[in-house]
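Here are the chains, one letter per residue:
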Amino acid sequence: MDHSPATSIDAPDSGAKKLRGQNRLRLVAMCFTASFLAICAQLGYLSVYKNLGIASEPVAQYEPRLPRPDIVDRNGRVLATDISVASLFAEPNKIIDVDEAVELLTAADPALDAKMLRTRLSQSKKGFVWLKREVSPELKEEIFNLGIPGIGFRYETRRIYPMGRLAAHILGYVDLDSVGIAGIEKYLDDQGAIYTASLADPESRTTTPAYTTIDIRVQHAVADELAKAVVKFRAIAGGGIVLDVETGEVVAMVSLPDYNPNATDKNLSKSQQNMMTSGVFELGSVIKAITFAMAFDYGTTDLNGRYDTRAPLIIGRNSISDYHPMRRIITVPEVFTNSSNIGTAKMALEVGLERHQAFLERVGLFDRLTTEIPESAKPLLPKRWSKIASATAAFGHGFAVQPLQGLQVVAGLLNGGLMIPPTFIKRDKETARSLGKQIVKPETSEKMRYLFRLNAEEGTAANAEVPGYRIGGKTGTAEKVVSGRYVKDKRLSSFIGAFPMEAPRYAILVMLDEPQALPETYGFATAGWNAVPTAGKIIARIAPMLGIDLKLSPEDREKLEKQARIEAKKALVKAN
Amino acid sequence: MLKFINTCLVAAVLASAFILYSLEHQTRTAERDIGKLGNAIKDERESIKLLEAEWSNLTRPERLQSLADAHLHMKPVTQLQMVEEGEIAARVPVEPIMKLEEDGKDTIGDILKAME
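Keeping their order, the protein sequence lines are chains A and B.
If you count by numbering that gives the first Met the number 0, then the first sequence holds residues 0 to 575, one letter each, in order.
If you count by numbering that gives the first Met the number 0, then the second sequence holds residues 0 to 115, one letter each, in order.
Any given hint could be a false lead.
Here are the simulated DSSO-like cross-link-like pairs (lysine-lysine), alpha carbons at most 27 Å apart as the crow flies [unchecked claim]:
id : chain 1 : residue 1 : chain 2 : residue 2
1  : A       : LYS558    : B       : LYS74
2  : A       : LYS536    : A       : LYS489
3  : A       : LYS185    : A       : LYS265
4  : A       : LYS440    : A       : LYS227
5  : A       : LYS561    : B       : LYS74
6  : B       : LYS74     : A       : LYS536
7  : A       : LYS185    : A       : LYS231
8  : A       : LYS436    : A       : LYS227
9  : A       : LYS131    : B       : LYS41
10 : B       : LYS48     : A       : LYS265
A few chain B positions that, by computed beta-carbon distances, are all more than 12 Å from chain A [claimed, not checked]:
id : residue
11 : MET0
12 : LEU1
13 : ALA16
14 : ARG27
15 : ALA52
16 : ALA69
17 : VAL91
18 : ASP109
19 : MET114
Hints listed in this document are in silico derivations from the structure and should not be mistaken for laboratory results.
In this text the structure is predicted, and so the values were computed from the model without any measurement.
C-beta atoms are modelled at their ideal positions from N, C-alpha and C, and glycine is treated no differently.
So that you can see chain B by itself, here it is in the shape it has in the complex:
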């Protein structure tokens, strides 16, 4: 009888030790993952910031203006090219002009092609 109880107890000790250590192992892995992810997030944040700063630097109005002056054949919009809100309906052509390219009238498309 006593032998049986002792065997049971030893088995229980072994089982609980196994559970305990596997739990600890899991916790450690989770902790390591958290740490890794935390670092990855920090790195990503850092690079987002850097990219944002770079984007901001590259899209400086000053720079865009000089690039536009050098490479685009465009001019600032004048008041004559703008249409008042109420007038839009009156200004829309009845038949939409399609197939600009076939007619050879696609000026913006030509500019884009020339750039390529």
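Just chain A, same shape as in the assembly:
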């Protein structure tokens, strides 16, 4: 060993033999050990401890947005869907030959403005310019195949409504961020969020479509006939609903004027709103059906009852008279088929004020009807219930209601007394029955069916008769209230009916706002001359689609053959 003089602090007095720099070595070794231990500890922490689940949740989670469900009709026809549309952009700093690019692009799409293209593409310092938003798939393919450097596409999702105006009021629409702001679209985001979530499959990031109750063929038939009627009778608006009586499903609902949901700028006027749910109207004599059902159900009268309609009914300072005065004692079916105000008011007075209110409460006419469509209006009822209020409410005066709600009640009166809340999302019969509410006895419903059928055979709704489909219905012509007063020549005519009457499957409502009298209606503008024949035409078109079986009696056949002969003759005259 080298006994050189000690240069380090270790004293030579210890006598131990030590290498030079041994301590330094030890220090380095300790450093290494410490860092390896740290690495091991970290490894252990990350691989073992974290996986034990003791550690907290991740700070941020990336959740991809699920696609918005399509909306389809009851047969699966697409009513609303998301498509990705390509928009054409350019990166001017990457474009090699501006002239060539402009030439190729304008050749592919003549609608592109060459001058605009040239100025945009010549800004060689810019990194990004839009050339055309929302390019069609064919054009996209064509431009893509041109392979111009510096030209590209960006994709955006857009909600489209392939059926256009048809069913626009039911579907509603979405805003620019794909958030529903009206109709079913709003329902999918708001109250129906759970339903929407049930349609989604997060694993494959797909959604199954939302099945609505609408049958697009029926919807079109109703819209088409209604549009013709609005033009023919020069009405300011029109509406129609077809309701499945057994399930409460709305098969068609039309409100004219409507709008195009595909338009980007939807500046809707008040008349374009959905009258069928967001407006309340005095349905007039249609409401008499409710009064009749009430009187039958309380047992204050039956089909053999008789009412004196010889003189107007005087209550206090008011007098109630008839539109078609009978001036004799008439039976209950006659009160219905002649739509006698006096008779109906007397029936309501027999029932009494309190029971009248209780019955209206029972059929839900004191509450707002809510469906999947968020736009809904509360019924307007008389503020104070007096004798006169009850008597006039009996025939629909001073009593405004959503047309859909009115139809719901009548459908309930006709289907055996079970009132089922209407819906726009497909449901089965069992669910519908469990949601239903018994409002009248089945016997009452039977009597109502008899009256409705009788009225379509020989009463005010006779013009709706379509041989073979057993229609029943009630008409209503209400004078409109303008600044607090009833105006004689401004009318709202309506028809509520159902078919086939022996066991109703569908209920229908047709409404025309301010229809005008025509020479062919002999100067009449009451429901029997406009809303009723319109409903007849609609039923003749939709009954075969809805699978209603035809039953022609020999008389029906004769009548139809006669009609066919007359029409053939007319056609012959025209041809000559």
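Let chain A serve as the given structure and place chain B on it in line with the hints.
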């Protein structure tokens, strides 16, 4: 002896490295295929949606009605042309009418021909 063991070990290292890299290569190819197929599925879904929307737009009842009015000499079915379920047997002709074209009675066929 030691030399032999070393040679074996080197061979084993080489073999395992080869297996490892070929496995990784396979995995990468599979991953790329998955990605490609996923994109292809997405594209197909997208185009199905687009085609469905187009189909729906082209078969708008409104459009079909105007096309039918313009190009077909047909009228809506009337009740007289319909037969009740129970009556079908009674309405079927005993001898089926055949060879409509030869008899010159094939009205629908004539319409179809006229359209071509």
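How the hints compare with the structure:
Of the pairs offered as hints, the one joining LYS558 (chain A) and LYS74 (chain B) holds, with about 19 Å between alpha carbons and a cut-off of 27 Å not exceeded. Note on LYS536 (chain A) and LYS489 (chain A): the hinted pairing holds, with a Cα-Cα distance of about 24 Å set against a maximum of 27 Å. For the hint linking LYS185 (chain A) to LYS265 (chain A), the alpha-carbon distance of about 16 Å falls within 27 Å, and the restraint holds. As the CA atoms of LYS440 (chain A) and LYS227 (chain A) are separated by approximately 39 Å, the hinted pair breaks the 27 Å bound.
The suggested pairing of LYS561 (chain A) with LYS74 (chain B) holds, with an alpha-carbon distance near 18 Å, which does not exceed 27 Å. Straight-line distance between C-alpha atoms of LYS74 (chain B) and LYS536 (chain A) comes to about 14 Å, which keeps the hinted pair within the 27 Å bound. The straight-line distance between the Cα atoms of LYS185 (chain A) and LYS231 (chain A) is roughly 35 Å, outside the 27 Å bound, and the hint therefore fails. A threshold of 27 Å between alpha carbons decides the hint, and for LYS436 (chain A) with LYS227 (chain A) the separation of about 37 Å lies outside it, so the pair is violated.
Between LYS131 (chain A) and LYS41 (chain B) the alpha-carbon distance is near 24 Å, which keeps this suggested pair within the 27 Å criterion. Taking the CA atoms of LYS48 (chain B) and LYS265 (chain A), the gap is near 25 Å; set against the 27 Å cutoff, the hint holds. No Cβ of chain A comes within 12 Å of the Cβ of MET0 (chain B); the nearest lies about 34 Å off, and the non-interface call holds. Every beta carbon of chain A lies more than 12 Å from that of LEU1 (chain B), the smallest distance being close to 30 Å; the non-interface claim holds.
The non-interface label for ALA16 (chain B) is consistent with chain A: the shortest C-beta to C-beta separation is roughly 24 Å, beyond 12 Å. Against chain A, the non-interface label of ARG27 (chain B) holds: every CB pair exceeds 12 Å, the least being about 24 Å. Distance check on ALA52 (chain B): its Cβ comes as close as 5 Å (rounded) to a Cβ of chain A, failing to clear the 12 Å threshold; non-interface status is violated. Consistency note on ALA69 (chain B): stated as away from chain A, and its beta-carbon is indeed over 12 Å from all of that chain's, at 16 Å minimum.
Every beta carbon of chain A lies more than 12 Å from that of VAL91 (chain B), the smallest distance being close to 18 Å; the non-interface claim holds. The beta carbon of ASP109 (chain B) sits about 19 Å from the closest Cβ of chain A, which is more than 12 Å, so the claim that it is off the interface holds. At the 12 Å boundary, the C-beta of MET114 (chain B) stays outside the reach of chain A, the nearest C-beta of that chain being 23 Å off.
Hint violations for this structure: numbers 4, 7, 8, 15, all remaining hints satisfied.
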